[in-house]
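Line order of the protein sequences matches chains B and D. Per the UniProt record's numbering, residue 1 is the first one in the first sequence, and the count goes up by one each step. Per the UniProt record's numbering, residue 1 is the first one in the second sequence, and the count goes up by one each step.
Hints may contain errors.
Partial selection, computed: residues in chain B whose CB lies under 7 Å from chain D [claimed, not checked]:
#1 L135
#2 G138
#3 I182
#4 G184
#5 T189
#6 G191
#7 E196
#8 N197
#9 S281
#10 D285
#11 Y458
#12 S485
#13 L486
In case anyone wonders, no lab produced these hints; they're calculated from the structure. Ideal Cβ placement from N, Cα and C applies to all residues, glycine included.
So the chains spell out like this:
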Amino acid sequence: MLVDAFLELLNLWVLIAALVGIVSGIIIGAIPGLGPTMAIALLIPVTFSMQPIPAIILLLGVYQGAIFGGSISAVLLNVPGTPSSAATAIDGFAMARRGEGGRALRFALYASVVGNIFSCLVLMALAEPLARFALDFGPAEMAMLMLFALLVIVLFGGGSKLDALIMVLVGACAGIVGLDPISGTPRFTFGSFAFENGFQLIPVLIGLFAMSEVLLQAFDRETLVGDVEVPPLKSSVVRFVELWRMRMTLFLSSLIGTFVGILPGIGSTVPAFMSYSLARSRSADPDAFGRGAPEGVAAPEAANNAVTGGALVPTLALGIPGDAVTAVILGAFMLHGLAPGPFLFRDHGLEVYAIFEALLLSSIPTVILGLLFFRVAIHVTRIQPRHLLPAITILAIFGAFSVNNSLFDVWVMLGAGVLGFLSRRANFPLPPLLIGLILGAPFEQSLRQALLTSGGGYGIFVGSPITIGLVALTVLSLAISLFFSLRKPRI
Amino acid sequence: MRYTRRSTLALLAGMAITPLAAVAQQDYPTRPITLVVPYGAGGTTDISARQMATMAEKILGQPIVVENQPGASGTNAMRSVASAKPDGYTLIATTSSPSFVTPALRDVGYDTLADFIPILNYSGPFHGVVVPADSPYDTLDALIEGAKSGAVTYGTAGAMGGAHLAFASVAKDTGTMLQHVPFDGASKATAAVLGGHVDAALVPAYRDLVQDGQLRLLGVLDGTSDPDFPDAPTLREAGLAAEFPSIVGIMAPEGTDPAIIAKLESAFTEVASSDGFKTFMTDLSQPVRIMSGEGLAATIEENLAAYREIAKDLGN
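Given only the sequences and the hints, what does the whole structure look like? Please build it.
This is the structure in structure tokens:
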């Protein structure tokens with residue numbers, strides 16, 4: 001089977017499809033606001049007339065390319081192209097400011113290859129048993145998992161825990177705007193139809209991370225004078241030894257990415273931040289994180305690339321997509337006659353294994369093209385910031401508008417930009433705000449769903465082995481955090 | 001009627017314009033047509049509308065550009081098309097929810113009946129009542145019976161959707177404890193019923209899971225049985241007075257010239273009845289259900305009234 005599937009790949013069209021997919025993915029991903037979902041959705045019509053294998057390979061190439069492209073703009077411009085690369089931007093941009101943008105991108109590229117290969121192997125080995133595990137995550141399990149994730153961000157996200165908690169709550173409150181997930185009635189919409197959709201993630205993200213930078217640069221005269229010259233890029237190499245030293249970080253991040261990816265609906269942002277926090281807490285020098293630690297780039301990149309393989313497990317085994325991107329990929333599978341489900345492997349085993357192997361092997365062209373393209377992308381940082389700011393503003397407005405073709409989203413983006421600017425001026429951290437916004441609404445929904453199914457009884461939150469395990473993890477994290485804060489000498 | 005100078009002038013002006021208008025209709029379309037899809041790219045509505053557009057542009061001789069305007073359960077796109085210029089160059093491929101479910105619940109800024117001319121209906125996924133394969137409920141009757149002694153939970157794609165309202169009216173009529181649990185999309189509701197977190201789910205796209213024996217199909221919410229599962233009864237066949245007919249159709253803004261509507265209806269009907277379209281939709285696990293513009297208008301009108309009643313009962 002594996003050999004037959006490999007022979008299917010020895011086809012010029014398959015190679016062309018992979019190359020076209022990866023290159024267009026890198027380009028689209030590097031544009032702020034244009035993420036993998038939109039890139040894949042735009043290219044689905046292109047694949048209509050193609051054979052299933054090259055078609056899916058093209059789309060998966062776009063996905064991989066777009067994730068790497070997202071890290072280019074995150075590292076060099078501090079403008080994450082995708083929500084998940086927001087974690088990469090923290091240390092990646094700090095490295096870029098030191099002139100180590102090239103090194104940061106190499107770490108990102110190699111880490112993403114490790115994450116991709118790892119999750120692909122897991123996907124190939126464990127597709128069906130793992131799918132059954134994902135189904136055990138009902139509303140109560142999801143609610144406890146998200147509570148745990150929110151707690152991890154507050155406790156281990158770094159900086160003041162109170163600041164982080166405040167930002168998480170601000171984010172969660174922003175998530176309340178829109179239609180009530182249970183009763184369907186409008187909340188805090190002020191009678192406006194535009195508010196019914198709530199604050200869309202991508203405009204908020206672009207505002208928080210891109211627009212706030214523009215405002216910060218525009219209002220902060222001191223930084224502007226200091227930062228007119230971007231430090232020259234040192235020619236850089238990442239030696240294998242350096243990657244080998246962070247092998248445990250890469251392994252754990254890939255593990256987190258893969259397994260969180262299998263759970264429907266969490267996406268790649270949470271594992272990216274989770275593994276960032278984990279790498280930071282495991283590090284011998286946690287203070288280096290946020291100031292340009294290579295591991296702070298490698299950990300989220302390994303994790304968010306590992307999500308692909310993980311998210312494909314429920315998508316292919318059950319036809320239940322793990323996130324927006326795999327939902328689009330699922331549509332492509334159906335379009336090409338590959339109906340997901342347990343019979344997929346029986347009826348279309350050849351195609352599915354060919355696609356798995358292509359996903360595995362696409363690491364090779366991704367590395368080659370990635371190295372070629374960021375050489376080009378590095379020139380972006382040589383432009384003086386004052387020349388770049390108008391371009392970032394225009395890209396931000398365009399990106400925010402293009403998500404839903406809605407002008408309202410542009411206002412949301414600008415509002416988030418002002419909020420991000422004020423928060424950064426006041427030294428409040430932005431990632432907890434983002435996580436609060438991303439997880440707040442689904443957490444509320446899962447919590448209320450669980451209470452609906454249990455008839456209002458809270459026992460459901462400790463009613464299954466998974467919830468008990470998650471509650472134990474939550475209590476343990478609190479205890480660890482408390483233990484360390486008590487041991488720390490008071491100033 | 002008095003023949004004043006004004007009415008005569010109006011008559012003359014009207015006579016002068018008529019031939020021009022006729023020419024405009026005959027030439028239609030002379031530039032690309034925009035087909036708005038109220039959901040994101042890559043969903044079934046989007047994919048089927050794109051196929052429809054690709055096949056229809058060969059007949060109409062002009063490109064049909066699909067534009068995605070997702071958000072607010074499709075009502076944003078409906079509102080924007082309702083206020084578009086009624087020249088036949090802006091159309092919408094829409095579904096049940098923004099056509100007659102959400103407008104029955106609250107002000108959405110448009111009136112489906114007054115602001116749109118339905119052109120045709122071409123699809124509409126069947127919504128099934130599904131339970132896990134090891135569920136104690138074998139039939140719809142058993143499910144309803146079970147809900148008499150204790151709460152039975154059912155998941156749907158979202159709050160105040162058509163499926164939810166249909167079962168809410170069943171619960172009211174039968175006096176049973178059917179507890180609704182809304183999910184964020186049908187696939188999450190399907191996952192919840194597969195994992196046994198809810199007792200039942202009202203979802204489309206159940207075919208493969210039912211055929212695989214992971215779910216059991218108790219019935220469908222539509223007016224007719226699913227041809228793939230002729231044994232699964234409709235709610236009415238099972239003695240329950242509720243129905244959620246699912247539509248996927250194309251509509252134009254009110255005021256569009258009848259000649260243009262006729263031309264579009266004939267082109268889209270030709271596509272929808274072709275074998276190529278049927279094969280495409282079967283691969284997508286979607287049925288082809290053709291209904292004329294008038295038929296679609298009647299369905300929308302009927303359901304709008306029915307859903308207003310249900311919404312009133314729910315206290316909204």
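- Index of numbered hints that the structure contradicts, given in increasing order: Of the numbered hints given earlier, those the structure breaks are 5, 6, 9, 10, 11, 12 and 13, listed in rising order.
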